[in-house]
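Asks: Read top to bottom, the protein sequences are chains A and B.
Residues in the first sequence are numbered from 239 upward in steps of one, following our numbering.
Residues in the second sequence are numbered from 799 upward in steps of one, following our numbering.
Simulated from the structure, these hints should not be mistaken for lab results.
Check before you lean on any hint, since a few could be wrong.
[As the list claims (entries may be wrong)] Some chain A residues near chain B, calculated using beta-carbon distances under 8 Å:
1. A488
2. K490
3. A510
4. V516
5. T520
6. H521
[Unchecked claim] To spell it out: a stretch of chain B is covered by chain A in this simulated footprint if at least three of its residues, at any positions, have a beta carbon under 8 Å from a beta carbon of chain A; those stretches are:
7. 807 to 821
8. 895 to 902
[Said to hold, decoys possible] Here are some chain A residues the structure puts well away from chain B; computed CB gaps all over 12 Å:
9. P319
10. L335
11. G416
12. G418
13. S443
14. R463
15. L489
16. A508
17. V512
All values derive from a computational prediction rather than experimental measurement.
Glycine included, each C-beta is placed from N, C-alpha and C at the ideal position.
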Amino acid sequence: MKGPHSFSLRGRLVKLLTGVLAVVWLFAVLVVYQRTHHEADELLDSQLTQVAGTLLAIMAGGEVEHFVNELHEHADHCPVPIVFEIWRLDHGVMRRLATSPGHDAFEADMIDGFSEHLHQGNRWRFYAEQDEDAEYRVVAGQSHAARERLAREIGLSMLLPALLALPLMALAVWWGVGRGLEPVNTVARQIGRLDAQALVPLDESVALPNEIAPLRNAFNVLIRRVSDAFDNERRFTADAAHELRTPLAALKIQAQVAQRAQTPDSQQHALAQVVAGVDRMTHLVEQLLTLARVDPTKSLEPMPSFDPAAQLREMCAGFSASALPKGQHLAVDIASGCCLALPPAWLDIAARNLIDNALRYAGDAARIEVRFAREGDCCVFSVADSGEGISQDLRARLTGRFTRGETEAEGCGLGLSIVARIAALSHAQLEFGDGLPRAGGGHGFAARLRFNAVADAA
Amino acid sequence: MRILVIEDDRLLGDGLQAGLSQAGYAVDWLRDGEAATSALLTETFAAVVLDLGLPKRDGLSVLQWMRERRDATPVLILTARDQLEDRVRGLDLGADDYVLKPFDLDEIAARLRALVRRAHGRTQPVLAWQDITLDPAARSVTRAGQTVELTQREFDLLHLLMENRGRVLTRRSLEEQLYTWNDAVDSNALEVHIHHLRRKLGSGLICTVRGVGYRVPAA
Chain A
239 MKGPHSFSLR GRLVKLLTGV LAVVWLFAVL VVYQRTHHEA DELLDSQLTQ VAGTLLAIMA
299 GGEVEHFVNE LHEHADHCPV PIVFEIWRLD HGVMRRLATS PGHDAFEADM IDGFSEHLHQ
359 GNRWRFYAEQ DEDAEYRVVA GQSHAARERL AREIGLSMLL PALLALPLMA LAVWWGVGRG
419 LEPVNTVARQ IGRLDAQALV PLDESVALPN EIAPLRNAFN VLIRRVSDAF DNERRFTADA
479 AHELRTPLAA LKIQAQVAQR AQTPDSQQHA LAQVVAGVDR MTHLVEQLLT LARVDPTKSL
539 EPMPSFDPAA QLREMCAGFS ASALPKGQHL AVDIASGCCL ALPPAWLDIA ARNLIDNALR
599 YAGDAARIEV RFAREGDCCV FSVADSGEGI SQDLRARLTG RFTRGETEAE GCGLGLSIVA
659 RIAALSHAQL EFGDGLPRAG GGHGFAARLR FNAVADAA
Chain B
799 MRILVIEDDR LLGDGLQAGL SQAGYAVDWL RDGEAATSAL LTETFAAVVL DLGLPKRDGL
859 SVLQWMRERR DATPVLILTA RDQLEDRVRG LDLGADDYVL KPFDLDEIAA RLRALVRRAH
919 GRTQPVLAWQ DITLDPAARS VTRAGQTVEL TQREFDLLHL LMENRGRVLT RRSLEEQLYT
979 WNDAVDSNAL EVHIHHLRRK LGSGLICTVR GVGYRVPAA
């Protein structure tokens, strides 16, 4: 799939590297060309001095006329022909003794050493030298254009291989980058092979470069978290399905009993049981939905802090009516000013479940105390009752899904799972302990939710 | 036929008790494993219907306890778990049959009849003595091909005696297997039922063993 911002890392690296290399390479080539040109110039200059020196030496030995012709003929075949002129001091006056055949006389007032002058309409480079007695003077010259041509040819002959090297270099970069990125492809293939149904972490025994290993580690952490969540959900669905079987069985049996009842009384009894069964299943389904609705992604969002006192008081007021039929006494003590940061609906669900549990299981005429108060850095919501209490052994298992206390009362065993889930998602602690003293000795049950207090609501 | 139902779910237990009673069983219902073991120590049941997830004492542990003390009462397990290993474990621990929730009342009743029949070593579903036949499934009795009308108690009493043909059943064991804890038992009720059965089916069927009890002759 090509997204709007998709690009190839390999293509990008090849472009980047080739571009940078090309600039560096171009600069190097220019320097090489310039240096070569300069060296060629020096070489030609040394040729001039050498020719001039040789001529001077020969002058001293005579045979000038013949040698000049020979030399000219020879020099004409060179890529940069050398022309020359020989002067001689004759009775205090310098006279031209010989000029290369086919050339006009050079300018007369040339200084010793290198100089450049116009000659026959073109620029020439000359070298003048005289012997120690100042008897002979030799001027050797080369056409500037010919010199330049040679220097350029030498320079270009260096450039050509370098030019050919450029595409080869790009190819090498492309190949090298491909090799270098191979681990990325390996990881990509590993990820591509993953099955959404069976998420397994990538094989960590395969060695990866330091740059990519963190990516794989992070990916594996994610995979483990996702597959844990998956397993959890799968187990939950299985548990829920199993948990529905018992009430379904009860409904079916009671309905069949009603169908076959021989007396109106027994039929009415069975039908009443069917209605109770439907109510119980409704409660179970509602609790299941509540559990499913506690959306874990909410815990990632920053929550505004709020003072839950009013919300909690209102909720407790709603419960006082439920306490009446069993003669239970609900005492409420909610302190203001302890602020929490969690979705208010979560607090509502958790608190409701704890109070509902107490009312359901504490038994007739029990006292139930609901408190919310600051304890140090925490805001603690607690529900304590004077009921039968719960053994230490069972307390440890209470938050498991579909665990019910050893009780006569009906319940679906999900309430505390929901509270535990909310506690975990809002970084609160759910603690169980002894409740209020019981009339016949011992204690009832108490559940406490310890939330982190936050700064006051703005 | 007296059945012990051990089921912690109130609606299901109540339904099983009512439904199996309609099917002609005498049903006692207990809601936890500990109560079940103490009942099984003192009373005789034709079969036990056992739920696995029980408070105080787990269903499988009750089953294991029964088999360890050589209690051969047939056990039918009710399970909400359809995992193979759960069923295998139950059967390996000595369960005779299992049904997966939710189930049909007729199915439970039929399976219980089959369990009781197998427990007495029978392969034929219908019991017979001379020209008298008793069909537990149809709850019908015939004599020389003619249907004989019996009350529920009379049928259950005859069923017990014919199931244990050739063996003497004491008054106490008969009463224990016919009446649940909820039934009010008259001291001479058993004699009255025996008297009615003899009148309807002839006097040769049930013999009185003085001071001990009653039996149906082996042949």
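Asks: Now tell me, hint by hint, if it's right for this structure.
Replies: Hints, one by one, checked against the model:
1. A488: Where the cut-off is 8 Å and the nearest Cβ of chain B is about 4 Å from A488(A), the hint holds.
2. K490: holds, 5 Å
3. A510: At about 10 Å, which exceeds the 8 Å cut-off, the nearest Cβ of chain B leaves the hint on A510(A) violated.
4. V516: Violated. Min distance 10 Å.
5. T520: violated, 13 Å
6. H521: Violated, because the Cβ-Cβ distance from H521(A) to chain B comes to roughly 13 Å (cut-off 8 Å).
7. 807 to 821: holds (count 10)
8. 895 to 902: holds (count 5)
9. P319: The assertion about P319(A) holds, with a minimum of 106 Å to chain B.
10. L335: Label holds. Min Cβ-Cβ 123 Å, cutoff 12 Å.
11. G416: holds, 51 Å
12. G418: The claim holds: G418(A) sits with its nearest Cβ about 51 Å from chain B, beyond 12 Å.
13. S443: holds, 33 Å
14. R463: holds, 27 Å
15. L489: Incorrect as stated: the minimum Cβ-Cβ distance to chain B is 7 Å, not above 12 Å.
16. A508: violated, 6 Å
17. V512: violated, 9 Å
Hint violations for this structure: numbers 3, 4, 5, 6, 15, 16, 17, all remaining hints satisfied.
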